[in-house]
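Colleague: These protein sequences, in sequence, are chains Z and E. Numbering follows the working numbering, with no gaps: position 144 of the first sequence is 144. Numbering follows the working numbering, with no gaps: position 69 of the second sequence is 69.
The hints are simulated quantities; they were obtained by calculation from the structure and are not laboratory data. Remember, it's a predicted structure, so these values are computed and weren't measured experimentally. Note that CB positions come from ideal geometry on N, CA and C, so glycine has one too. Treat the hints with caution; some may be incorrect.
Said to hold, decoys possible - Here are some chain Z residues pointing at chain E (derived, C-beta under 8 Å):
| hint | residue |
| --- | --- |
| 1 | Ile11 |
| 2 | Arg19 |
| 3 | Asp119 |
| 4 | Cys120 |
| 5 | Ser135 |
| 6 | Asp159 |
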Amino acid sequence: MKSEELNIAFIELKDVAYRYAVSLLGQSAEAEDAVQDLYERLWRRRLLIRSGGFRALLMTSLRNLCLDRLREKERRRTYEPTDTPAEESPTADKETTDIVKHLIEQLPTREREVIHLRDCEGWQFEDIAAVTGASEAAVRVALSRAREKIRDELSKIMDYGL
Amino acid sequence: MDYNDILRRYYEGRTSLDEEQALRDYLMQSDFNSLSIEERATRQMMSYAVGKAECKVAIHTHRSSRPIWQYTLATAACLLVIAGIVKLSQPTVYGYYNGQPILSMEEAKQRGEEMMAALASANDMHQRNEEFLKDLLKFE
Numbered sequence: 001m002k003s004e005e006l007n008i009a010f011i012e013l014k015d016v017a018y019r020y021a022v023s024l025l026g027q028s029a030e031a032e033d034a035v036q037d038l039y040e041r042l043w044r045r046r047l048l049i050r051s052g053g054f055r056a057l058l059m060t061s062l063r064n065l066c067l068d069r070l071r072e073k074e075r076r077r078t079y080e081p082t083d084t085p086a087e088e089s090p091t092a093d094k095e096t097t098d099i100v101k102h103l104i105e106q107l108p109t110r111e112r113e114v115i116h117l118r119d120c121e122g123w124q125f126e127d128i129a130a131v132t133g134a135s136e137a138a139v140r141v142a143l144s145r146a147r148e149k150i151r152d153e154l155s156k157i158m159d160y161g162l
Numbered sequence: 001m002d003y004n005d006i007l008r009r010y011y012e013g014r015t016s017l018d019e020e021q022a023l024r025d026y027l028m029q030s031d032f033n034s035l036s037i038e039e040r041a042t043r044q045m046m047s048y049a050v051g052k053a054e055c056k057v058a059i060h061t062h063r064s065s066r067p068i069w070q071y072t073l074a075t076a077a078c079l080l081v082i083a084g085i086v087k088l089s090q091p092t093v094y095g096y097y098n099g100q101p102i103l104s105m106e107e108a109k110q111r112g113e114e115m116m117a118a119l120a121s122a123n124d125m126h127q128r129n130e131e132f133l134k135d136l137l138k139f140e
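The task is simple: from the sequences and hints, build the whole structure.
Modeller: Shown next as structure tokens:
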């Protein structure tokens with residue numbers, strides 16, 4: 001892939017990649033760093049990259065990078081406290097947004113990334129399956145579980161008069 | 001459109017993107033107080049997803065680098081083109097007359113004919129001088 005091609009393709013996908021990284025890592029600063037890091041890695045290997053299937057390559061690489069960082073973070077968690085500031089949402093009520101964000105963060109990684117790619121990015125099931133390495137049926141199951149968990153928790157909160 | 005059916009399949013992960021969009025539109029446009037608890041929860045989830053999909057990030061990209069031989073080649077080509085333009089833009093000089101360039105073919109022909117006539121005239125005078133000398137010697 002030529003330098004210009006890589007820049008154009010990456011800039012086109014950077015926001016999607018960033019949001020996916022946020023959904024996996026939970027923090028916008030870490031997600032931004034991961035996306036920049038991924039760009040540097042792809043830049044160094046640009047001559048080996050083919051133009052076709054760049055989105056799948058980028059998202060799969062980003063997923064692996066984020067999961068590596070999460071594992072590293074998990075190892076350090078015992079002696080390094082972290083804070084997770086809430087994401088601002090321009091369209092939803094702040095309090096409810098924080099609750100939904102918190103509920104999504106509590107989900108297992110697979111369910112978290114599937115609900116993000118489907119509900120936030122509007123991806124087809126086959127594309128999600130390609131990036132996550134799961135079957136289409138497994139993606140549907142993970143999505144169903146994730147949505148039900150959030151619905152149930154939100155319903156409980158609303159029932160108590162939110 | 002049966003939104004209850006879509007909502008049920010939505011939670012089973014069996015809806016298409018179009019059906020999800022239709023459900024989103026329906027829930028967003030409905031009066032919040034008229035919705036059931038499940039519908040309200042779904043609407044809040046969808047609102048969050050829409051807001052999150054608008055998040056953007058800035059990254060630092062590298063400039064594309066070209067090999068130095070490409071720049072050298074391009075410079076040489078530019079110089080050749082400039083030299084060609086300069087050469088073509090100058091008038092053709094057909095010769096010189098009294099130190100001044102002759103720039104038209106007609107003038108060059110005219111000057112050439114004049115020069116040939118002058119040569120012929122000089123040759124004729126030379127022959128006449130030789131004959132005169134011969135006659136003078138005979139006379140002596």
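Colleague: Hint by hint, which ones does the structure fall short of?
Modeller: 5
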